[in-house]
Amino acid sequence: MTTPTAAVSADQPADSSSTLDLEADTETPNDQVRSTARSQRITFDGPNVHDGTRSIYSPGDKRSRSRDTIRSTRSIPQSPTAAGIPIEFRTLSFQISESQAAPEHVLKERGKDEKKPDQDYFESLDFHVLAIDRLCQQFNVDASRGLSTDAAATRLQRDGKNIIAHHGENYVKKILGYVFGGFCSVLWIGVIIFFICWKPLSNPPSVTNLAMAILVIIVIILQASFSAFQDWSTSRVMKSILGLLPAEALVLREGNLIKLPATDLVAGDIVHISIGNKVPADMRIIKSSGDVRFDRSILTGESDEVEGATDATDQNFLETRNIAFMGTGVTNGNAVGVVVLTGSRSVMGRLASITADVKEKPTLIQKEITRFVRIIVVLTVILAAAILFSWVGWLRVDHPQFMSVVEMLNDVMGCVVAFIPEGMPVGVALTLMIVAKRMKANNILPKGLATVETLGCVNVICSDKTGTLTQNKMFVQSVGLVDQEFFVEDLVTAQQKSIPLPEPLEPLLRGSKLCNDAFFDQETLALPIPERVVNGNATDAAVLRLAEMLRADGQTDLHDYQRTHQIPFNSKNKWMLTVHQNPSSSTHSLIYVKGAPDVLLPKCTSYWSKDGVAKPLDAAAKDMFIAFQQKLSRRAQRVIVLCQREYAPTAAVGTNQFNDELLANGVQDLTIIGIFGIIDPPRPEIPETVAACRGAGIRFFMVTGDFGLTAAAIARDIGIFTGTAEPDTVADLASSAVVAPAEKDEGRSRRSLLVEGSQISTLNEDQWNSICQYEEIVFARTTPEQKLRIVEELKSRDSVVAVTGDGVNDAPALRAADVGIAIVSGSDVAIEAADLVLLDKFDSIVEAIRLGRLVFQNLQKVIAYLLPAGSWSEIWPVIMNVFFGVPLPLSSFLMIIICVFTDLFLSLSLIMEKEEFDLLSLPPRNHKTDHLINLRIYGQSYLFVGVMEAFCAHIMFFLYMYKKAGIPFHALVFAFEKYSDGFYGYTEAELTHFNYVGQSVYFVTLVIMQWGNILSVRSKRMSILQADPIRAKRRNPWLPLAMLVSLVIAIFVTEVPGLQSLFNTASIPLEYWFIPLGLAVGVLVMDELRKVLVRMFPRGLVAKIAW
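Going by the numbering used here, the residue at position 817 of the sequence shown is 797; the numbering climbs one at a time, nothing skipped.
Just so you know, the hints here were simulated from the structure itself, not pulled from any lab data.
Keep in mind the model is a prediction, meaning the values are calculated, not measured.
Mixed in with the good hints there might be a few duds.
Dumping the calculated BS3-like pairs for lysine-lysine here, alpha-carbon to alpha-carbon at most 30 Å [stated by the list, open to error]:
no. : residue 1 : residue 2
1   : K1013     : K821
2   : K417      : K908
3   : K590      : K602
4   : K602      : K554
5   : K908      : K775
6   : K347      : K554
7   : K239      : K258
8   : K239      : K347
9   : K943      : K1000
10  : K420      : K1013
11  : K595      : K554
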């Protein structure tokens, strides 16, 4: 069988400027990229070599065997590795590439504010594009002699040592944040005041105030401990990168090669590096052995080695291969370079600084809690100031004997303790922890507790396709030549009947096996071909299965086609290339290229026809190709084209120069020998998942590298595109902005949009505004850089975005999203950047969203429960004491017991509550308007339940004083200093005892009335008869247990003699334990009436103001 050759010259690159561009990303000479493949999984377990793999090099290859002797550092445990560096490296690189690719008018519209200092810094570097002579002139160095000792010393003094500043964790600042942050800042003022009231203001010293100071400190420690635990459980430990730098370097100084400490290197030094070395500074390579390779995994997160070059291979400083970066390893060959950046100015130094300075963005729930803290603190300060000024200007003058300084300060602190719900931070932390545990049970691993609630606000999901929406189990469904389609079923049937295959398919079958990195697992070779396990990526596996089914015995005739070189697929060039020995020629190698048709078609000049001969790829042939491609794409098939050519290389095979030559000239004058239509079946659960997300008010977008028509067909299959109309395109945006349904154009969606990746860099602000209004979007032919841009544009328009991804290149988009979602089988860098990790099926994201919304709902219930007794009913005793002269009905100690103990345990039972209705039937929470604490909750907590509890507790206080002491209500109001020795014939000690018992009555009344509150607050709308805690549907066994615990605490606090003497509590008459039970039922009944009114009149006044 002859090898098809191009109809034009096969030795020199042809001018392909006239070839057709299929709406794809055009490739310029600067788009040629390094030959690295994205890692499927980053491991630290050592090299894993599969039996049955073949070397890409022939046995006689003179290339170094360093792939077997010097391992990539990714295969060695690297505890010093800073996990965040690859994420920041990728983000910066994408930003630079995207900026360089964007048209000038788009850059001007975005404005300078969008650029970051580090992006500007690296974008302005030109060391990689300068000629070597010009570079040496710029650094004032002779490449053959190096720097002089004096010049090096001067530069060292000017620039400093070649070291990376160590950014250690400021643990003191962290601890201070825990201890003094939030409510704790105000509580510390209370500690100081209580200590002052102990000594020297009290004479003799007041033990009660000392005990109160210690108690408040315990509360602070409790809150700080929970905050610290929450951070510890979600922290990403940034590890030191100092161990990545070499100790010594081989430097040319004054014509002599000498070893110097790497810390003494300066810009302009000529440094020699060789296999096994670590690069001591950022260097421009000026000479190399031709086969030098570097391990950049510490920067990029990718395990494949990068081949060095002496000339620029990319306009992006971070992507070019003629720069050796500090901290990377030399895995093969040797090179000489000029140091261009040292220390903190190097790429590693800048990334280390960025990584150390990365501040965790406050999540939406953290913002809500901060807002609530500010409101409470402001109210506390206002009321405390009112008490202080009232004492100074009124009580101290008109009632000098009523309130001493110590008593005034105790009232101020009572105000502080009363207004601040001290148990809330603990309750919030525990709520998030318990829901996170539920998520883990649903195969979702949240890396941050606060991220759990953010899911409830997500209104846009940007999802990958391959492996996320699809099964990543590809198979070839269609195959053909430019001028003829063959049905795979017919070909397989013919092979099974020993009918010879059509001769024009011979080159396609041969190329399918040769240009393929997949291979069958040795242990499954005896199985039928569809059941065999294939090692390799899914596309190669699909093509390999087809070739094996069509020519099961065809392996024997391929031994003469020894592979001599390869350039793996990557997301930038969108093709893979293999070079083979050509049995029919000793001077020409055989090149196979397999990849995306929109990228490869402009590089093709001929095609292998159904007649078994090569024909020129003229306009008619291109039309046939495009029509065939579109037909396959509309069937939801991913189209792959296989090309070949003969090529006579000038560089030695296996050298870096040979690789560069192939990139420049090898992918030209190609002959199309086959077209594959590959199907990747959607996951069975995806249509339901998309529908569930849409029902929950979440827009579900697809971001894929597939051809637009293919992506649109798949989107329609799985429900991302609805309806039968064709989706809009970018060209329709101008006319589609804010169009009413009645004004829709015939055949156009105005709801669905298809955006090609090549168009993204040209979009202006108005077009992005229009895009972000669409309900259904597919972004096709996108690169990782464009994925990051999509996320940033959506977020800038107030969308709360969740992004899925699994590759190293997805890390910047995952980090930028409000919720990054990684797949457990993805790369370590992607998992590091994500907030959530899906451990199983993608549909678990629906349950995660449900739980995220449940968190917010239950937190609102927790706060609505805590505020009536823990805030409102505690502040009124202080007000009654200061402004109405009533003996203090509730002490500060009992206030703290309610907030931190009795109410806290009951509030924790609310965490376990189930949803009272389908939370996915509601739209996502608007994080700008739907706050955790709103006026409706304040109304429910303060003006409704709070008023009832405060009124009833005061009634119980006055009832006790009347029944047991015979002192009527009117005598206690405005009593002020009259409530002292002789008042109603009682001594000072007797009056004090009555007050202590009355305070305990008030305390017990609040504790028991909160039982009615918690039974009502469990549901906003449903009756207790529908949502009781006993029956299975809404059963909550923790609720009665928590009630029992709160009762035990109340008995303990009021009945233990030691606590009575220390904190001035007292035993209360038995009847005062039972009367509040009726009051608790009253609270429950009143809230039931509210719910009835809301259900009967959903548009009425009560419904509008009810929580």
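- Message: Name the hints, by number, that the structure is in violation of.
- Response: Checked against the structure, the hints that fail are numbers 6, 8 and 9, while the rest are satisfied.
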